[in-house]
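Colleague: Sequence:
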Amino acid sequence: MPPRPDRSRTGATRSRRFPFRLLVIGLAALVLTSLGIFAAVNPDLSETDGDVQVTRPEGRPLRVLFVGDSISYGLNAQLQDLGFRPLMVDALAEDGPVQEFHKNRAGATTRTVSRLVDVPENLDLAVVELGTNDVLDQTAPDKFALSYRALLNRVHTESPGVPLVCVGTWGTADETDAYNDIIDHECAREGGAFVSLYDLYPIEANRGPAGRDVFGGTSDRFHPNDAGYRAIAEHLLGRISIR
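Okay, so the sequence shown: first residue is 545 according to our numbering, each after it adds one.
Check each hint, because a few of them may be wrong.
Pairwise CB distance ranges (calculated) [unchecked claim]:
id: 1; residue 1: 753; residue 2: 600; range: 37 to 47 Å
id: 2; residue 1: 641; residue 2: 698; range: 18 to 28 Å
id: 3; residue 1: 643; residue 2: 735; range: 14 to 24 Å
Source of the hints: derived by calculation from the structure; they are not laboratory data.
No residue lacks a Cβ here, since even glycine has one placed at the ideal position from N, Cα and C.
Take the sequences, apply the hints, and build the full model.
Modeller: If you want it as C-alpha coordinates, here you go:
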(Lines of atoms letter the chains of each structure in order from A; the text may use other names.)
(Lines give C-alpha, C1' and ligand atoms only; values in the text may rest on other atoms or scores of the structure.)
Protein backbone atom coordinates (compact mmCIF):
# COMPACT_ATOMS: atom_id res chain seq x y z
CA MET A 545 0.00 0.00 0.00
CA PRO A 546 1.48 3.46 -0.88
CA PRO A 547 2.24 5.85 2.03
CA ARG A 548 -0.62 8.12 3.02
CA PRO A 549 0.02 11.74 2.01
CA ASP A 550 0.74 14.33 4.70
CA ARG A 551 -2.61 16.12 4.95
CA SER A 552 -0.89 19.16 6.54
CA ARG A 553 0.84 19.77 3.20
CA THR A 554 -2.30 20.66 1.27
CA GLY A 555 -0.52 22.04 -1.74
CA ALA A 556 1.72 18.99 -2.14
CA THR A 557 -1.19 16.61 -1.67
CA ARG A 558 -3.22 18.27 -4.40
CA SER A 559 -0.36 18.31 -6.83
CA ARG A 560 0.30 14.56 -6.44
CA ARG A 561 -3.25 13.14 -6.11
CA PHE A 562 -4.21 13.35 -9.79
CA PRO A 563 -1.09 11.58 -11.16
CA PHE A 564 -1.47 8.91 -8.47
CA ARG A 565 -5.03 8.18 -9.61
CA LEU A 566 -3.86 7.97 -13.19
CA LEU A 567 -1.24 5.47 -12.12
CA VAL A 568 -3.85 3.31 -10.33
CA ILE A 569 -6.21 3.42 -13.32
CA GLY A 570 -3.38 2.54 -15.66
CA LEU A 571 -2.30 -0.42 -13.54
CA ALA A 572 -5.89 -1.67 -13.29
CA ALA A 573 -6.30 -1.47 -17.05
CA LEU A 574 -3.04 -3.35 -17.52
CA VAL A 575 -4.19 -6.12 -15.16
CA LEU A 576 -7.58 -6.43 -16.84
CA THR A 577 -5.97 -6.52 -20.27
CA SER A 578 -3.57 -9.23 -19.12
CA LEU A 579 -6.44 -11.28 -17.74
CA GLY A 580 -8.33 -10.92 -21.00
CA ILE A 581 -5.33 -12.06 -23.01
CA PHE A 582 -4.81 -15.01 -20.67
CA ALA A 583 -8.43 -16.10 -21.02
CA ALA A 584 -8.24 -15.81 -24.79
CA VAL A 585 -5.20 -18.05 -25.14
CA ASN A 586 -5.97 -20.54 -22.36
CA PRO A 587 -7.98 -23.43 -23.87
CA ASP A 588 -9.18 -24.55 -20.43
CA LEU A 589 -11.17 -21.35 -19.96
CA SER A 590 -14.63 -21.42 -21.52
CA GLU A 591 -16.97 -18.52 -22.24
CA THR A 592 -19.78 -20.61 -20.77
CA ASP A 593 -18.31 -22.41 -17.78
CA GLY A 594 -21.33 -21.92 -15.52
CA ASP A 595 -23.97 -24.51 -14.69
CA VAL A 596 -27.39 -24.51 -16.34
CA GLN A 597 -30.17 -23.50 -13.97
CA VAL A 598 -33.43 -25.31 -14.76
CA THR A 599 -36.73 -24.65 -13.01
CA ARG A 600 -38.99 -27.68 -12.74
CA PRO A 601 -42.54 -26.59 -13.60
CA GLU A 602 -45.53 -27.22 -11.40
CA GLY A 603 -48.49 -29.14 -12.76
CA ARG A 604 -46.81 -30.53 -15.88
CA PRO A 605 -43.78 -32.61 -16.94
CA LEU A 606 -40.33 -31.15 -17.47
CA ARG A 607 -40.13 -30.57 -21.25
CA VAL A 608 -36.69 -31.44 -22.63
CA LEU A 609 -35.43 -31.26 -26.23
CA PHE A 610 -32.41 -33.21 -27.53
CA VAL A 611 -30.98 -32.34 -30.95
CA GLY A 612 -28.04 -34.32 -32.23
CA ASP A 613 -26.35 -36.84 -34.49
CA SER A 614 -25.35 -40.49 -33.99
CA ILE A 615 -24.04 -39.71 -30.49
CA SER A 616 -27.49 -38.56 -29.39
CA TYR A 617 -28.96 -41.49 -31.29
CA GLY A 618 -26.93 -43.88 -29.13
CA LEU A 619 -25.08 -45.64 -31.93
CA ASN A 620 -22.70 -48.32 -30.61
CA ALA A 621 -24.50 -48.74 -27.28
CA GLN A 622 -25.45 -52.32 -26.51
CA LEU A 623 -29.09 -51.21 -26.28
CA GLN A 624 -30.75 -47.96 -27.33
CA ASP A 625 -31.74 -47.26 -23.72
CA LEU A 626 -28.06 -47.18 -22.77
CA GLY A 627 -27.29 -44.10 -24.85
CA PHE A 628 -26.61 -40.83 -23.03
CA ARG A 629 -29.99 -39.35 -23.96
CA PRO A 630 -32.18 -42.07 -22.38
CA LEU A 631 -29.85 -42.17 -19.37
CA MET A 632 -30.26 -38.43 -18.87
CA VAL A 633 -34.04 -38.64 -19.21
CA ASP A 634 -34.16 -41.41 -16.61
CA ALA A 635 -32.03 -39.37 -14.21
CA LEU A 636 -34.11 -36.21 -14.72
CA ALA A 637 -37.29 -38.23 -14.15
CA GLU A 638 -36.20 -39.31 -10.67
CA ASP A 639 -37.57 -36.06 -9.24
CA GLY A 640 -40.63 -35.71 -11.46
CA PRO A 641 -42.13 -36.56 -14.86
CA VAL A 642 -40.23 -35.68 -18.04
CA GLN A 643 -41.61 -35.13 -21.53
CA GLU A 644 -38.83 -35.74 -24.04
CA PHE A 645 -38.56 -34.42 -27.59
CA HIS A 646 -35.67 -35.39 -29.83
CA LYS A 647 -34.37 -35.22 -33.38
CA ASN A 648 -31.26 -37.26 -34.08
CA ARG A 649 -29.79 -38.06 -37.49
CA ALA A 650 -26.75 -40.32 -37.65
CA GLY A 651 -24.07 -39.03 -40.01
CA ALA A 652 -25.76 -35.66 -40.47
CA THR A 653 -24.17 -32.24 -40.23
CA THR A 654 -25.55 -29.38 -38.19
CA ARG A 655 -27.12 -27.80 -41.27
CA THR A 656 -28.99 -31.00 -42.12
CA VAL A 657 -30.27 -31.67 -38.61
CA SER A 658 -31.27 -28.04 -38.17
CA ARG A 659 -33.58 -28.34 -41.18
CA LEU A 660 -35.20 -31.49 -39.82
CA VAL A 661 -35.87 -30.54 -36.22
CA ASP A 662 -39.27 -29.26 -35.14
CA VAL A 663 -38.65 -27.13 -32.07
CA PRO A 664 -41.52 -27.32 -29.56
CA GLU A 665 -42.81 -24.43 -27.50
CA ASN A 666 -42.55 -24.08 -23.73
CA LEU A 667 -39.35 -26.08 -23.32
CA ASP A 668 -37.65 -26.23 -19.94
CA LEU A 669 -34.27 -27.49 -21.20
CA ALA A 670 -32.59 -27.96 -24.59
CA VAL A 671 -29.52 -30.13 -25.18
CA VAL A 672 -27.74 -29.66 -28.52
CA GLU A 673 -25.09 -32.22 -29.49
CA LEU A 674 -23.85 -31.39 -32.98
CA GLY A 675 -20.61 -30.66 -34.80
CA THR A 676 -18.86 -34.03 -34.89
CA ASN A 677 -19.96 -34.74 -38.46
CA ASP A 678 -19.03 -31.21 -39.46
CA VAL A 679 -15.51 -32.03 -38.30
CA LEU A 680 -15.51 -35.30 -40.27
CA ASP A 681 -17.03 -33.65 -43.36
CA GLN A 682 -14.72 -30.64 -43.00
CA THR A 683 -17.57 -28.14 -43.08
CA ALA A 684 -16.14 -24.65 -43.46
CA PRO A 685 -16.03 -23.12 -39.97
CA ASP A 686 -17.91 -19.98 -41.04
CA LYS A 687 -20.73 -22.07 -42.52
CA PHE A 688 -20.81 -24.25 -39.43
CA ALA A 689 -21.08 -21.15 -37.25
CA LEU A 690 -24.04 -19.85 -39.28
CA SER A 691 -25.87 -23.19 -39.08
CA TYR A 692 -25.25 -23.60 -35.36
CA ARG A 693 -26.30 -20.02 -34.64
CA ALA A 694 -29.47 -20.39 -36.69
CA LEU A 695 -30.43 -23.54 -34.77
CA LEU A 696 -29.95 -21.93 -31.37
CA ASN A 697 -31.92 -18.90 -32.54
CA ARG A 698 -34.79 -21.15 -33.56
CA VAL A 699 -34.77 -22.86 -30.19
CA HIS A 700 -34.98 -19.53 -28.38
CA THR A 701 -37.57 -18.18 -30.80
CA GLU A 702 -39.95 -21.06 -30.06
CA SER A 703 -39.03 -21.28 -26.36
CA PRO A 704 -37.66 -17.89 -25.27
CA GLY A 705 -35.17 -18.12 -22.44
CA VAL A 706 -35.01 -21.92 -22.35
CA PRO A 707 -31.74 -23.05 -20.70
CA LEU A 708 -29.27 -24.46 -23.24
CA VAL A 709 -26.62 -27.15 -22.92
CA CYS A 710 -24.27 -27.18 -25.91
CA VAL A 711 -22.26 -30.40 -26.09
CA GLY A 712 -18.81 -30.34 -27.64
CA THR A 713 -17.72 -32.63 -30.45
CA TRP A 714 -16.59 -36.23 -29.99
CA GLY A 715 -12.95 -36.51 -30.99
CA THR A 716 -9.43 -35.35 -30.24
CA ALA A 717 -8.77 -31.75 -29.31
CA ASP A 718 -6.36 -31.00 -32.15
CA GLU A 719 -8.92 -32.01 -34.77
CA THR A 720 -11.93 -30.26 -33.27
CA ASP A 721 -10.66 -27.10 -31.56
CA ALA A 722 -11.99 -24.69 -34.19
CA TYR A 723 -15.47 -26.21 -34.10
CA ASN A 724 -15.63 -26.37 -30.32
CA ASP A 725 -14.59 -22.73 -30.11
CA ILE A 726 -17.53 -21.88 -32.36
CA ILE A 727 -19.95 -23.99 -30.29
CA ASP A 728 -18.70 -22.34 -27.11
CA HIS A 729 -19.00 -18.84 -28.58
CA GLU A 730 -22.45 -19.32 -30.11
CA CYS A 731 -23.73 -20.95 -26.94
CA ALA A 732 -22.47 -18.01 -24.90
CA ARG A 733 -24.34 -15.62 -27.18
CA GLU A 734 -27.56 -17.40 -26.23
CA GLY A 735 -26.72 -17.63 -22.53
CA GLY A 736 -26.12 -21.39 -22.61
CA ALA A 737 -23.43 -23.64 -21.15
CA PHE A 738 -20.81 -25.33 -23.30
CA VAL A 739 -19.74 -28.78 -22.11
CA SER A 740 -16.55 -30.19 -23.62
CA LEU A 741 -16.07 -33.92 -24.16
CA TYR A 742 -12.29 -33.62 -24.53
CA ASP A 743 -11.65 -35.45 -21.26
CA LEU A 744 -13.84 -38.42 -22.23
CA TYR A 745 -12.83 -39.26 -25.80
CA PRO A 746 -9.15 -40.16 -25.15
CA ILE A 747 -10.16 -42.82 -22.60
CA GLU A 748 -10.06 -46.04 -24.62
CA ALA A 749 -12.51 -47.76 -22.28
CA ASN A 750 -15.15 -45.26 -23.47
CA ARG A 751 -14.97 -46.48 -27.11
CA GLY A 752 -15.08 -49.75 -29.05
CA PRO A 753 -14.16 -52.48 -29.41
CA ALA A 754 -15.05 -52.84 -33.08
CA GLY A 755 -17.02 -55.73 -34.53
CA ARG A 756 -19.68 -56.30 -31.86
CA ASP A 757 -23.41 -56.54 -32.48
CA VAL A 758 -24.79 -53.33 -30.97
CA PHE A 759 -27.67 -50.92 -31.34
CA GLY A 760 -27.58 -49.56 -34.87
CA GLY A 761 -25.44 -52.34 -36.36
CA THR A 762 -21.82 -53.30 -35.76
CA SER A 763 -19.64 -51.40 -33.32
CA ASP A 764 -16.63 -49.34 -34.35
CA ARG A 765 -13.68 -47.80 -32.50
CA PHE A 766 -14.93 -44.23 -32.77
CA HIS A 767 -18.38 -44.03 -31.21
CA PRO A 768 -18.93 -44.26 -27.44
CA ASN A 769 -19.74 -47.64 -25.95
CA ASP A 770 -21.96 -48.19 -22.90
CA ALA A 771 -19.27 -46.84 -20.57
CA GLY A 772 -18.70 -43.84 -22.83
CA TYR A 773 -22.38 -42.95 -23.01
CA ARG A 774 -22.70 -43.32 -19.26
CA ALA A 775 -19.75 -40.98 -18.80
CA ILE A 776 -21.27 -38.43 -21.19
CA ALA A 777 -24.62 -38.54 -19.36
CA GLU A 778 -22.95 -38.04 -15.98
CA HIS A 779 -20.80 -35.24 -17.39
CA LEU A 780 -23.81 -33.35 -18.74
CA LEU A 781 -25.99 -33.97 -15.70
CA GLY A 782 -23.21 -32.58 -13.56
CA ARG A 783 -23.67 -29.22 -15.28
CA ILE A 784 -27.45 -29.08 -14.84
CA SER A 785 -28.99 -27.76 -11.64
CA ILE A 786 -32.74 -28.29 -11.27
CA ARG A 787 -34.73 -26.43 -8.64
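Colleague: Confirm or reject each hint.
Modeller: Hints and how they fare:
1. At about 40 Å, the CB distance of residue 753 to residue 600 agrees with the hint of 37 to 47 Å.
2. The beta-carbon spacing between residue 641 and residue 698, approximately 26 Å, falls within the hinted interval of 18 to 28 Å.
3. At about 23 Å, the CB distance of residue 643 to residue 735 agrees with the hint of 14 to 24 Å.
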